[in-house]
Amino acid sequence: MPVFKPKTTARRLVSTTLVTCLMAMGGVSTLAGAATTTNVNVVGYSVVGPAYKALEAAFEATPAGQNVTFTNTFGSSDTETNNVAKGLAADVVNLSYASNMATLVTAGKVPSTWASQESTVAGVKQSTKAALSQTVYPTPGIVTDSVVVFIVRKGNPLNIQDWPDLIKSGAQVVTPNPATSGSAKWNLLAGYAAQLAKGDTTTQAYSYLKSLISHTVAQPSSGSTAMAAFLGGTGNVLLDYEDDAIAAQNAGDAISIVTPPTTLLIENPIALTTTGVNNPAATAFYQYVFSTAGQTVLANLGYRSVLKSVWTATSSKFAAFKKASDIYTVAQLNNQGWTGIDPTFFSSSITYGTKNRTYPTQGVVTYLEQFAGTA
Amino acid sequence: MPALLDSTNSREVPTTPKQLLRGSGRSPKYVRSGARSLAVTYLSVIVLIPFAALLTNAFSGGLGQFWNDVTSLESLDALRLTLLCSLAAAVVNTVMGLATAWVLVRDRFKGQGVLNTLIDLPFALPTVVAGVTFYALYGPLSPLHITITGTWIGITVAIMFVTLPFTVRSVQPVLETLTFTAESAAATLGASPVRVFRTVTLPVLLPSLLTGTGLAFARALGEYGSVVFISNNLPYRTEVASSYIYSLTSSNENGAAAAVAVALLILALGTLVSFSALGRFLSRGAK
Amino acid sequence: MTRSRLLLRVIVLTYVGLLIALPLGFVFERSLSHGLGAFVSALRDPAMDDALVLTLKVVLLAVPLNVIFGIGTSLWIVRHPSRLTRVLDILIDVPLAISPIIVGLILELAYAQSGWFGSAFAAWGWHVMFSLPAIVIASVFVSLPLVSRQVIPLLREVGTHQEETAQSLGAGPVRVFFTITMRSITWAAAYGVSLTLARVLGEYGAVLIVSGNISQVTQTLTLNIGANFENFNDFQGFVGASLLSLASLALLIVLSTARYRERRRHDYLV
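Chains as they are written, first to last, in our numbering: chain A, 1 to 375; chain B, 1 to 287; chain C, 1 to 270.
Here chain A stands alone, though its shape is the one from the complex (with noise of 0.2 Å):
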């Protein structure tokens, strides 16, 4: 009988399975997010997933984006900023707020001129951004507007018109959680501009938002998880997105949108990644998308242009305003913009000052949380 020697074989076996199964697993794990010149690989936050499906399908339409492929996640900015950061394969993203691309040019995903590739990729001039009712938004790297609504049953039964009624006894009002989603963070932000707005202080502003928190009966994940609630029965209003609402009445939902005579600017960021500035496909589509004929996509679909002409001819699908101070920015919230605010409302280590000891100066609405639901 030859000899054989069992112990070698079988370890050869094993380990040979094993390296042929990594293997192969490794060879299709390459084909997520392939790096071609002819596939853009496109991460967005969660609301304009649908809006990306239409962009997308037109560019495919036009010569530049003659077989031009593209791979899609969407989802809540948080995640999906932390998976580009961990790498997730993105050329083009599209996130819900300025902090999150801050976070990615941390982790060297955007580079740090990401802003001016508005003017420098798109070649969109400033002469050319839009100008709301009187008020022109000059931020760059930013692809599309929105502004805070509420959400109310068809026809408003409980008549609900500006934020005071939200704070009323019997208000039920349903946002997300502001720690897993960036829609929340908009939300609340927008009702302490509101307060700002009619001359409150700071102090006061911050009481508004307590009462306000207090007055939440589900503080959902996502947007999107919210506006399941909301149609699910639960509460009588909803705070979110003007492009999501419109979104859900489009779908045929039964809801009324009311917007406040007081609210924020939403300003969506967008950037081509360290890796879209070499994709001539990730290039060509952000082109594409501050186009005439891409903003119009988006327009359509609830979005307010940034583009001066498009916004001109599709301003009266939207609310106005009565005077351009009604829409508060985040600019004017704090000099720093979102590196300011952010932290300031939503840390998560909350800090007091040495001066007003009533609410912290790092963290407010963390601190504030405590009191959600209690009204």
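Worth double-checking, as some hints may not be accurate.
Unchecked claim - Below, simulated DSS-like cross-link-like pairs (lysine-lysine); rule was C-alpha separation at most 30 Å, straight line: (1) A:Lys168 to A:Lys322; (2) A:Lys168 to A:Lys308; (3) A:Lys154 to A:Lys322; (4) A:Lys154 to A:Lys168; (5) C:Lys57 to A:Lys355; (6) A:Lys86 to C:Lys57.
Claimed, not checked - A short, non-exhaustive set of chain A residues, derived as facing chain C with CB atoms under 7 Å: (7) Thr38; (8) Pro50; (9) Thr62; (10) Ala64; (11) Gln66; (12) Gly75; (13) Leu88; (14) Asn335; (15) Thr339.
Unchecked claim - Partial chain C-side listing against chain B, Cβ under 7 Å, derived: (16) Arg9; (17) Gly37; (18) Pro100; (19) Phe229; (20) Leu252; (21) Leu255; (22) Thr257.
It should be emphasised that the hints constitute simulated quantities derived from the structure, not laboratory data.
The beta-carbon is built from N, C-alpha and C at its ideal position, and this holds for glycine as well.
We have chain A already, so just place chains B and C on it with the hints.
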């Protein structure tokens, strides 16, 4: 009598009864060591390495930071809510699990097979579907006019849905192999059915029942998908531990997320181990 | 028929009915609410079909891995008891008790590009995270003990009598394993496999985190269902859920009935 050596290989051929009973089908060393290294590699990649990463992250700021993360107000509220709801669900499902297993094994009626298969359904249904469905059936627009969303009851019911298979399937096999002999003996001696159950049946079932309860409770502690939606997720009020951990990872607070996860795991594993040990201890007594 | 027996039956049926049957019925009702034709055409949705293909790939990789591991470990635990196997016996139940969020978290900590092993793998051009390997690992993790838990009690019950007889008659260990051991645990293992399959098909939380949820690339069927619910496509979501439930139910029915009959037969022989 010395063992004979087989001429074709050097393995002993068992001849005496003692030798026959010993060495329960021992496979040759090479198969065992090859299989062992494969199992160890498999376990490492799947379980051990990720756990090591978790522990490192949880204690990255030192023991003090770990303690702060776990005992923050929001964390404590979340853990307390999760513990209470899981306990309630585990208790209900222990009773109902036993009852269901009883009906499946001791009773006989049409549709019993359907009942038997339904028990495993929570395994197969994605938690997100369970969440949406429960919201529609037992939320504000409930066709049955039962609204339990946003309450601890809703959370408990969602957990009951997910953990029923554990208690039923733990007890069912034991109940199947149990014979009527001991029970009928007790009955002929004059004991009432309840007494028979309490003194004869229950002690034998108790170990597996406890294991099932432990497993159900441990599983309940970590449930996310079906619970987070029905709870309405209000921080400090109806936010469960898994949802709190998720919100920490979203805000990139990996250290705190890992810390609370470790706390939750200690609770879950502690329950699992102690209930299994209790079950084993009691089974020795029962025999 | 005693009154208490009837009462127990009613209580259990009501409980299971309200808790499990009603939700399942709701899912089917929603998916058929636009008629059978709409249901069938919804099945042809390209995103869902891609998700189905991906899910099948995951199943074909994860289930065999866990079967081999499950049966091997069961044999080890039952036939070679030691302190290590006692610890293993307890540890093996652990994945059932861990939150899917935590599973996703720890796999991410270990295998993401910034993670322990992930950074090393990335240097070699391997991307474990946000791709098929990560989904397979997560699926394997959550279903790790399902086969063992079915097989172990049966192995203990059956004992080694038949195997020793076969061995004394000269059969080699491999032959003993495949002809004797496997025969006695076939139905238990098969039931464990169907549970593993159901679990892998239905896993949402952990896979959501580790896959990156890339539409039509790393979106499994459950993720696709979730995405549909998020984008006002409830109907499509329910169709997917029905498909999933039907697949798992069919498998479970076939196997549990067979196991049921096998046990009945076994009882006569013992």
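Violating hint indices (sorted, rising): Failing hints, ascending: 2, 5, 7, 9, 10, 11, 14, 15, 17 and 21.
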